[in-house]
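2 protein chains.
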Amino acid sequence: MPDQLQELKTRLAQISDLRSAASLLSWDQETYMPPGSAQVRAEQLATLEGLAHQLFTSDEMGRLLEDLSGIVADLDPDSDDARLIRVTARDYTKARKLPPQLVTELARTTSAAAQVWATARREANFAMFAPHLEKIVDLLIQKAEALGYDDRLYDALLDEYEPEMTSAQVEAIFAELKAEIVPLLQAIVANLDAVDDAVLHREFDEKKQWELGLELLQLMGFDFERGRQDKSAHPFTTAFSPTDVRLTTRIDRHFLSQGLFGTLHEGGHALYDQGISLALDRTPLCEGASLGIHESQSRMWENLVGRSRAFWRFFFPRLQAAFPDQLADADAETLYRAVNKVKPSFIRVEADEVTYNLHIMLRFELENDILERRLKITEIPEAWRAKMEAYLGLVPPDDAQGALQDIHWAWGLMGYFPTYSLGNLVSAQLYEQARAELPDLEARIEVGDFVPLRDWLRERVHRHGRKFTPAELIERVTGRSLAAAPFVRYVQQKYGELYHL
Amino acid sequence: MPDQLQELKTRLAQISDLRSAASLLSWDQETYMPPGSAQVRAEQLATLEGLAHQLFTSDEMGRLLEDLSGIVADLDPDSDDARLIRVTARDYTKARKLPPQLVTELARTTSAAAQVWATARREANFAMFAPHLEKIVDLLIQKAEALGYDDRLYDALLDEYEPEMTSAQVEAIFAELKAEIVPLLQAIVANLDAVDDAVLHREFDEKKQWELGLELLQLMGFDFERGRQDKSAHPFTTAFSPTDVRLTTRIDRHFLSQGLFGTLHEGGHALYDQGISLALDRTPLCEGASLGIHESQSRMWENLVGRSRAFWRFFFPRLQAAFPDQLADADAETLYRAVNKVKPSFIRVEADEVTYNLHIMLRFELENDILERRLKITEIPEAWRAKMEAYLGLVPPDDAQGALQDIHWAWGLMGYFPTYSLGNLVSAQLYEQARAELPDLEARIEVGDFVPLRDWLRERVHRHGRKFTPAELIERVTGRSLAAAPFVRYVQQKYGELYHL
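Chain order of the listed sequences is G and R. Per my numbering, the first sequence starts with residue 1, numbered consecutively. Per my numbering, the second sequence starts with residue 1, numbered consecutively.
No wet-lab data here; the hints were simulated from the structure. By construction, the Cβ of each residue, glycine as well, lies at the ideal position given by its N, Cα and C atoms. Among these hints, one or two may not hold up.
[Unchecked claim] Within a straight-line C-alpha distance of at most 25 Å, the following computed PhoX-like cross-link-like pairs (lysine-lysine) qualify: (1) R:LYS97 - R:LYS135; (2) R:LYS97 - G:LYS208; (3) R:LYS135 - G:LYS208; (4) R:LYS178 - G:LYS207; (5) G:LYS97 - G:LYS9; (6) R:LYS178 - R:LYS9; (7) R:LYS231 - G:LYS207; (8) R:LYS208 - G:LYS207; (9) G:LYS376 - G:LYS387; (10) G:LYS341 - G:LYS94; (11) R:LYS9 - R:LYS135; (12) R:LYS376 - R:LYS387; (13) R:LYS97 - R:LYS343; (14) G:LYS207 - G:LYS178; (15) G:LYS231 - R:LYS208; (16) R:LYS178 - G:LYS231; (17) G:LYS376 - G:LYS341; (18) G:LYS178 - G:LYS9; (19) R:LYS341 - R:LYS387; (20) R:LYS231 - G:LYS231; (21) R:LYS97 - R:LYS9; (22) R:LYS494 - R:LYS135; (23) G:LYS94 - G:LYS9; (24) G:LYS208 - R:LYS231; (25) G:LYS343 - G:LYS494; (26) R:LYS343 - R:LYS178; (27) R:LYS494 - R:LYS341.
[As the list claims (entries may be wrong)] DEER-style ranges, computed between Cβ atoms: (28) G:ALA330 - R:TRP210: 17 to 25 Å; (29) G:HIS408 - R:ASP230: 20 to 28 Å; (30) R:GLU225 - G:ALA114: 48 to 56 Å; (31) G:ARG253 - R:LYS208: 44 to 52 Å; (32) R:ALA124 - G:ARG202: 52 to 60 Å; (33) G:GLU365 - R:ASP230: 20 to 28 Å; (34) R:ASP455 - G:ALA328: 52 to 60 Å; (35) R:LYS208 - G:ARG202: 52 to 60 Å; (36) R:ALA168 - G:ALA112: 39 to 47 Å; (37) G:GLU211 - R:ALA114: 35 to 43 Å.
[What the hints assert, rightly or not] Here are a few chain G residues that sit away from chain R, every Cβ distance over 10 Å (derived from the structure): (38) SER37; (39) ARG41; (40) LEU51.
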């Protein structure tokens, strides 16, 4: 290995350690940190992130990458080293394009905006938030211009979360999806009462729910020697290395889905992070391929597995043993139907599989209009209501349940929402492939044996980390490029049966 | 404020943030980290500590301190700024004296030695550990030579933990102490059965013990908005800022003292860390004045308060309410006597107030002989046995209970042990002063009101952090220099009564 490659890895390991430390500080902030230390913690995080950025964008790093660009051609293009150099050079180029003042200004603006957003949402007062959003959009446009793009501003922002994907591609896939989902939803809505989910809203002891969650993680093949689950107000997963992956959950005594599907969802993310090859640890390749690919893993375990009939044939007897009184009148089919109830609603995070992507499309379309300045900030609430009515047949009673519901814009995240839907589509496409390659997949799930699926995902997806772009990875695993068709087939078949369509 | 002072503070804040992050990583390692991540965590810690050291010993830092040395004379010598410059310059000079290779070599050697020590202790095999200790002693001598000293090698090492104290001073104080303690102990030993501690060894539910511990911390004035308690194999306290102080405890179902006095001890450390003025946060002054002063706080709450008759008059009814069956035949006096039972034993960490300092003197004398090369490494076990017999009248049956019992030497810590005894002496001297200034101190304790003592300590000791040297601080608070007499008076009076001497 040439000296420069060793030097590159040493520097990247140091930067990775700083970022892992920052992730631990963030994890701690959400789990165990005493509340009186929030301000000090923000300063500690800013120091670690600032140092990591400074080390990564140094001139020495640029020189090293330039020296190494010469030797990449001599390496196997799919080798860890070749991919490491390529991905690092790409990250470096992007990081250097951003003027430090813009980064600081965005951090300062979004930090203030997040505070105002919380109050504005509580008071359902969009006007209070609007000037902050105005400023954020200005800065995001500057950011997109600094990063550069071929076709649209939006491409530059999307690329942060979904490398090498374009808005035009997203648009085409979303159009295909919308054409199928909107009529499906209309048919379901005409028959909403066909499914009843009252059984989920009984009283379920938190400790028992927690223990069932741990048992499921164990069965999924989550390695508790290299990870743990804790509680937090908003569930999330974070990794400091494939040897230390932490997920959190939130349990609702009066709603079974909260903890159960939260654990399956975060468990999917966590298996991805645990499955990345240790050879990639402490490098920029030791992450998921993109947010969309990461989300495909969480959605697969949450929905394709956790909301399947096979899963409930296995899981219902265990759940009933834990809650015999609450579930005395139920069976596996009752639960299977209940967890798949479709109901158009105002709030994205509570949406079912059929309506969820419509929430995303709405945001994607609005974000494009906002960034292209076709839609004024003050016009957002009205545009939101119009699209909600068109896609979901509902008009939110106020902006707290409308344009103010998500924190993402306050955090400066535009171009991020599409990754949620891409995750849904990728999960279905990968799962079709898994079923084709593992003919007894559902039979295994029916007896609670989830490890074949985990192993297949680990071999085909997880271990590669960020070596391949999302497009490359999907092509490698399924032999095709990303499409809406597998997801459409899945929901049409499943919900067609559930709602007698 | 001159620009250089602002620049110094900015740099020190960055270094402090890195060190706080490292402390969080260490805390996490002992509390929540999954076991499979130990190796990766060691690398992350090495990166953070290495970066902090690199930033602190930079040439720019030296230039800043040199520029600022000119303005110190214009400042109030007791002002935060003057003290900050002085202490930072002292730390800088010391840090620059250590050759980086020596630091690395010590880190590598002690890391390996700590592993071997664990096995050697398990197998009671000193010969296995000896070559590692040999190498450590070599490196410590090099370290002492690099740091420099006036009189003895030991001074250079002691100064790391107890700034500006000399071995000669320790020796003089220890001689005074030994002259009084050894005969006191002999008198007690002739009458050992006068105190019975069987009541502490009954069965006490862990959850109830945990809750009582939290209640005590609350009464001591520990602020749970700015700190927390967790469990770990070895109790410790760490702070990432005065706004975030964390202690840990360990509970033994069959021995009440473990959790109770552990919480009081760590609670004493934690109150110190919470009490440091926020104006000193993110600077090198935001620490205890020395290990000895820190230990004085833990020992005061553990022993002077927690093993007092006044405390038990308050605490016994609460303890009995939690454990009515176990304590049906006991009263406050039973417990007061039990927790003060004296018993010569092999193991330092289990020693009572009378014998504890003899364990420390033994180590202090051996360390001096080892560093001065008067005692060969291979001769340590025999020398240990001889001193144990002379001071405590016991000969350990093997080296696991003798020279291998503490991990300190494996970690390269020589010059550290005296701080434990200094803590005991300082605690008694400060407590005498507190009683003189707060005439109703014991009456307050008897009703469970600990806040007057906490507030007195905060005002006189805690808030200053590391602004004053230990000697300055003791002189400022008590009007005298450190002496053994207050501690001697305390134990003679207390144990004379308990053992009818």
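Hints and how they fare:
no. : hint                            : result
1   : R:LYS97 - R:LYS135              : holds, 21 Å
2   : R:LYS97 - G:LYS208              : violated, 58 Å
3   : R:LYS135 - G:LYS208             : violated, 54 Å
4   : R:LYS178 - G:LYS207             : violated, 55 Å
5   : G:LYS97 - G:LYS9                : holds, 22 Å
6   : R:LYS178 - R:LYS9               : violated, 45 Å
7   : R:LYS231 - G:LYS207             : holds, 20 Å
8   : R:LYS208 - G:LYS207             : holds, 19 Å
9   : G:LYS376 - G:LYS387             : holds, 16 Å
10  : G:LYS341 - G:LYS94              : violated, 43 Å
11  : R:LYS9 - R:LYS135               : violated, 38 Å
12  : R:LYS376 - R:LYS387             : holds, 16 Å
13  : R:LYS97 - R:LYS343              : violated, 45 Å
14  : G:LYS207 - G:LYS178             : violated, 41 Å
15  : G:LYS231 - R:LYS208             : holds, 23 Å
16  : R:LYS178 - G:LYS231             : violated, 52 Å
17  : G:LYS376 - G:LYS341             : violated, 36 Å
18  : G:LYS178 - G:LYS9               : violated, 45 Å
19  : R:LYS341 - R:LYS387             : holds, 23 Å
20  : R:LYS231 - G:LYS231             : holds, 17 Å
21  : R:LYS97 - R:LYS9                : holds, 23 Å
22  : R:LYS494 - R:LYS135             : violated, 44 Å
23  : G:LYS94 - G:LYS9                : holds, 19 Å
24  : G:LYS208 - R:LYS231             : holds, 23 Å
25  : G:LYS343 - G:LYS494             : holds, 15 Å
26  : R:LYS343 - R:LYS178             : holds, 17 Å
27  : R:LYS494 - R:LYS341             : holds, 11 Å
28  : G:ALA330 - R:TRP210: 17 to 25 Å : violated, 38 Å
29  : G:HIS408 - R:ASP230: 20 to 28 Å : violated, 33 Å
30  : R:GLU225 - G:ALA114: 48 to 56 Å : violated, 22 Å
31  : G:ARG253 - R:LYS208: 44 to 52 Å : violated, 25 Å
32  : R:ALA124 - G:ARG202: 52 to 60 Å : holds, 59 Å
33  : G:GLU365 - R:ASP230: 20 to 28 Å : violated, 48 Å
34  : R:ASP455 - G:ALA328: 52 to 60 Å : holds, 58 Å
35  : R:LYS208 - G:ARG202: 52 to 60 Å : violated, 32 Å
36  : R:ALA168 - G:ALA112: 39 to 47 Å : violated, 58 Å
37  : G:GLU211 - R:ALA114: 35 to 43 Å : holds, 36 Å
38  : SER37                           : violated, 4 Å
39  : ARG41                           : violated, 7 Å
40  : LEU51                           : violated, 7 Å
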